[in-house]
Amino acid sequence: MKKGIIDRIEGDIAVIELDGKTHDFQKSLLPDGAKAGDAVIICKDKITVDPTETAKRRQEAEDLMSELFNAPSESSGE
Numbered sequence: 015m016k017k018g019i020i021d022r023i024e025g026d027i028a029v030i031e032l033d034g035k036t037h038d039f040q041k042s043l044l045p046d047g048a049k050a051g052d053a054v055i056i057c058k059d060k061i062t063v064d065p066t067e068t069a070k071r072r073q074e075a076e077d078l079m080s081e082l083f084n085a086p087s088e089s090s091g092e
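Per the numbering used here, residue 15 is the first one in the sequence shown, and the count goes up by one each step.
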């Protein structure tokens, strides 16, 4: 079993990041509704979305974006 992240989908190919490297898989192996950014579990030739890890990663990204865009600017004197 390996865990990865769907980096992108290009036509019939899903590019999945595993251990810091990208690998190509047939899009048909993905479950319906899978999309870029989803955390996945790959076991033999079956790929499933990990909804808990996906939600966690999305929340972390949203928190970072919020922190970045809502931080006071150094030039504003705050």
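These are calculated hints, taken from the structure and not from any lab test. We treat Cβ as the ideally placed atom computed from N, Cα and C, and that holds for glycine. Hints are not guaranteed to be accurate.
What the hints assert, rightly or not - Label pairs and their in silico Cβ distance ranges:
id, residue 1, residue 2, range
1, Thr36, Asp59, 35 to 45 Å
2, Cys57, Pro86, 23 to 33 Å
3, Gly34, Lys70, 35 to 45 Å
4, Asn84, Lys35, 33 to 43 Å
5, Lys60, Ser80, 10 to 20 Å
6, Lys35, Arg71, 44 to 54 Å
7, Asp21, Asp59, 12 to 22 Å
8, Lys41, Pro86, 39 to 49 Å
9, Asn84, Pro45, 16 to 26 Å
10, Glu24, Ala69, 37 to 47 Å
Unchecked claim - The calculated lysine-lysine pairs, modelled on DSS-like cross-linking and capped at a C-alpha distance of 30 Å, are:
id, residue 1, residue 2
11, Lys17, Lys49
12, Lys17, Lys60
13, Lys60, Lys16
14, Lys60, Lys41
15, Lys41, Lys16
16, Lys58, Lys16
17, Lys49, Lys70
18, Lys70, Lys16
Violating hint indices (sorted, rising): The structure breaks hints 1, 2, 3, 5, 6, 9 and 10; every other hint is satisfied.
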